[in-house]
Amino acid sequence: MSGWRLADGGAIDRSRPLAFSFDRKALSGFAGDTLASALLASGVRGLGRSFKYHRPRGLWGLGGEEPNAIFDVTEDGVTTPNLRATVTPLRAGMALASINAAPDAAHDRYRMVDLAQRFLPAGFYYKTFMGLGWMRWEPMIRRMAGLGWLDPANHPAANTPQVNARCDVLVIGAGPAGLAAARAAALGGAMVWLVDEASEVGGTLRWRGGTIDGADWHDFADDALAAIETAGGRVFRNTTLWGAFDHGLFAAWERRESAPDRHWRIRAGRTILASGAIERPLWFAHNDLPGVMSAEAALHYLRLYGVVAGRRIVVATANDASYPVAAALAATSAEVTLADARSETPGAPDGVRLLRGARLTRAKGSHTVVAAVVDGAQHDADTILVSGGYTPSVHLFAQAGGKLDWNESADALVPRPGSAPMVVAGAANGGFGLATTLAQGHAAGGGSGPVPRVAAEGDWGLAAMRPDPALSGRQWIDPQNDVTLKDVALAAREGFVSVEHLKRYTTLGMASDQGRNANFAGLAAMAALTGRSIPETGTTTYRPPFTPVPLSAIAGLRRGELFNPVKRLTLEQSHRSHGARFREYGGWLRPSAYGDNEAEAAQSEALAARQDVGLYDASPLGKIEVLGPGAAELLDFCGYVRMSTLKLGRARYGLMLGESGIIHDDGVVLRLAADRFILSASSSHVGSVRLILEEARQDRFDPVSVYLHNVTANWVTLTVTGPRSRELLRAAGMPGALTDDAALPHMSVTETAWDGHDLRVARVSFTGDRSYELSVSARHGPALHSVLEAARRRIGGSWIGLEALMILRAEKGYILIGKDTDGITMPHDLGWSASRQKRSDEYFGRRALFTPEAKRPDRRQLVGLETEGDTPLPTGAHLVPLNGPRRSLGFVTSSYFSPNLARPIALAMVEGGQSRMGEELGVFHLGDLRSARIAPACAFDPEGERLNG
Amino acid sequence: MQIFKCPFCGPRDETEFHFAAEAGKVRPEPAETVTDEAWADHLYMNDAPKGRAREVWVHLTCGEFFVMERDTLTREVISSTALPGRRE
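Top line first, the protein sequences correspond to chains A and B. Quick note on my numbering: the first sequence kicks off at 1 and runs consecutively. Quick note on my numbering: the second sequence kicks off at 950 and runs consecutively.
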């Protein structure tokens, strides 16, 4: 005996049957059903197996609080795990599979686990399965744990638009309180956004009904919606408001049928929370049996879907709200017995057998309910509907920082007014009953328009129901994580008496229902065990999301290439046409090499650049203009190397430190005038370098005397390098003065013109060969590229990519910040000691260069490494002593095969490296030991003659 | 996501801002006169008040540093003022 469908009634479309399956059993529902209503109507009871004990479980509730009816759903060959049946609409062809059951819910081979339940209380894994080591048992336990199955073919589309919006008044929940609040606010002229997670507005009115202002509640709802629209507001259905964040920011996930879901970030001027309340269970022996359901849920399924929960129903309650449930069920052909724990009750509804002062103590049955034991008397039944009261949904209020107070008459923790920036109305506020919810909603919305009138009613006469430890038999507190009342007592015995400890020790409230069914009972039980009141025991912290939200909804389009978009070169297309392969370097997409075999191309490009002439795109290098009479002073303070002494038209390499003395960036400074410099910064550090300069400019110096301008994106820079670089510039028609070393020596800069455009040329070398950096306005970049490429085709030369450039600079011992330096490298570790020794003026990071740490003799220092054979050393390999105990003396930072030296080269940071020249050390990597000899960092042309070659 | 107010640009999302330092920190100098302890204190020790705090932030979008008073507990933003000497 189990659920069945009425011949008519409900908001389903009986003209459109939908076939589906559950655990390979063919079933049928109707358009408008959820998976839950269709399963309930089909009479299938056992829908899954519990997480730990593998006990049979059935449908409990009506919404997101559902703990048991969770399925892997396959549609069109793709499976989505862990969908809650109560909130998933039924579609034709869906195949449902129970989770945590093998092979299926009806015949789970792990059901024997329940026999060992005495050895598997809460936290058993802290005490048992220790013999032979935990890792002997962990894989087996891990395989048995977990819910649902991940389908690798399931790739949710990255197509959820992210929308930022504002509204005057945000009303969360479109039940009676929310509708009244929204109507009043709209009539008061506010732009109201009304949000509800169900497919229709109305909340509990949809299944309880109600007469408002003398008419059916639908009229009142239509009136409210019209008022909202007139005032320029908006109504959201199928939208879950899932998080309350700082300063009035809310997040909402809108589900749409024939369009991608939308994700909203809403800033609300004022917020009204009308999120309602969720029915509490009752606690008795075997209260987890399939067939035990929420009474409110039974009325919900009856009215909305025409489904009756069973044929022989016992309703156990201690409040008036369950009476309409009993009455509605009795009006079908079901037999209904109402067991009210109170001795003073309303009269028995028609067709309902009423028992007063009646306590439900046990459910009987093995896979489904067969009887209910009330005060020792056994009542045959196939369904037990329960109501232990109602718990206000205060989550969003608490997320926003709100505090809760105990309300005796509501038997619940309710929001403390003023403790969070939102007004709470209705059941969420502990205000139960239609009259109260409408009045509170109306007031919260500002009170404009007439107060909605309903027939007067008393309160619900809620009697406090609590788990009774004196009852024999296991009572479930958290059905999802299989936590029983005895587990709460165990936690108390072990000293885990704070609710946060109780939660984590027992895992109570940590499953997908997020404690909706468990938290109140857990904290009430712990309060009773420790002699505290409920408010004294407190609640656990509420955190977003309110219900599970798919990450794809929040991420939107930010996936793959769009997750962290790279910066693109102005000349990207030109490089592509030339056969470049691209990689990300420092946040930019740049050519790695020109050719299909990257490694081979890098070698031949590095060779060609030294033998002939090479060209590369240096545009991403940071360029910050420092302008004004205070420019030199600012650079002197912010840099390790003084620039005020730099002559006009000259260039100087410098370092920028942090206040802790650690190298932040390096780069060449060009002086174009007494009051005009251009500072280079590593492409990935431009932002942070600019901030260091700005902070000093604004907080230490007179900001009117110096101005900073990040011009990185404004210029295209192409570098011509190698012994034939002058030839290429002449062939390209560049001004003759550029190739005159007297006019433009190494480390100098000039501003000139080419083809009517401003051209800046700096003789700065990153390759160690004669080099010219040509910079034009970005919009003239293609023209410059064109003329250089034409010259290259005539006289010879190669475009080179970053991989070749990395080899060339490493041959010269030129460092890359963040690769050859790390979070502790100071300038003297690299051999740059002059400023530290000689500067007596203040500069950024100066004091830190003289701390005990900075003065340690065993600091890691930059060196080169020579090794035998043709195979480069592994980057990151540790340098170790050849004899004695093995310990790390440092590591390899850069390592390549050098085509120009025809051998491997490497740079490394080694303890006291500068005083180990010629020493042999071991190089250890993943169990392999090689050896290397410490050498100067510059392996190629140490005299630097090729800079003018 | 909090909303901070740049004295020059107005209210903006907190992601446009970057914390610089606790307001009122004075750099000890010249270096010769500063003990190791005093320098370490300046670099690493902060008041980190629970409640009202005066802090220097930078609005990355416009590059201006400014002083913000806020409550670290309630997240209330109390005031934003330009650095002394800067006109808003």
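None of these hints come from the bench; they were simulated from the model. For each residue, glycine too, the CB sits at the ideal point set by N, CA and C. Wrong hints could be hidden among the right ones.
[Said to hold, decoys possible] Derived DEER-like restraints, expressed as beta-carbon distance ranges:
{"no.": "1", "chain 1": "A", "residue 1": "G447", "chain 2": "B", "residue 2": "D962", "range": "30 to 36 angstroms"}
{"no.": "2", "chain 1": "B", "residue 1": "D962", "chain 2": "A", "residue 2": "G796", "range": "25 to 31 angstroms"}
{"no.": "3", "chain 1": "A", "residue 1": "R166", "chain 2": "B", "residue 2": "T1023", "range": "55 to 61 angstroms"}
{"no.": "4", "chain 1": "A", "residue 1": "H746", "chain 2": "B", "residue 2": "P977", "range": "38 to 44 angstroms"}
{"no.": "5", "chain 1": "B", "residue 1": "E1018", "chain 2": "A", "residue 2": "S777", "range": "39 to 45 angstroms"}
{"no.": "6", "chain 1": "B", "residue 1": "A970", "chain 2": "A", "residue 2": "D822", "range": "49 to 55 angstroms"}
{"no.": "7", "chain 1": "B", "residue 1": "E1025", "chain 2": "A", "residue 2": "A153", "range": "44 to 50 angstroms"}
{"no.": "8", "chain 1": "A", "residue 1": "H757", "chain 2": "B", "residue 2": "T1023", "range": "52 to 58 angstroms"}
{"no.": "9", "chain 1": "A", "residue 1": "G927", "chain 2": "B", "residue 2": "R1024", "range": "27 to 33 angstroms"}
{"no.": "10", "chain 1": "B", "residue 1": "D962", "chain 2": "A", "residue 2": "A153", "range": "19 to 25 angstroms"}
Hints, verified against the model:
1. A:G447 / B:D962: 30 to 36 angstroms: Check passed, 34 angstroms falls within 30 to 36 angstroms.
2. B:D962 / A:G796: 25 to 31 angstroms: The hinted range 25 to 31 angstroms is violated for D962 of chain B and G796 of chain A, with Cβ atoms some 53 angstroms apart.
3. A:R166 / B:T1023: 55 to 61 angstroms: 22 angstroms, violated
4. A:H746 / B:P977: 38 to 44 angstroms: Check passed, 40 angstroms falls within 38 to 44 angstroms.
5. B:E1018 / A:S777: 39 to 45 angstroms: Holds, since E1018 of chain B and S777 of chain A (Cβ atoms, about 43 angstroms apart) stay within the stated range.
6. B:A970 / A:D822: 49 to 55 angstroms: Given about 24 angstroms between the Cβ atoms, the range is violated.
7. B:E1025 / A:A153: 44 to 50 angstroms: Given range 44 to 50 angstroms: holds, Cβ gap about 49 angstroms.
8. A:H757 / B:T1023: 52 to 58 angstroms: 56 angstroms, holds
9. A:G927 / B:R1024: 27 to 33 angstroms: Violated, at about 52 angstroms.
10. B:D962 / A:A153: 19 to 25 angstroms: This hint is violated: roughly 38 angstroms between Cβ atoms.
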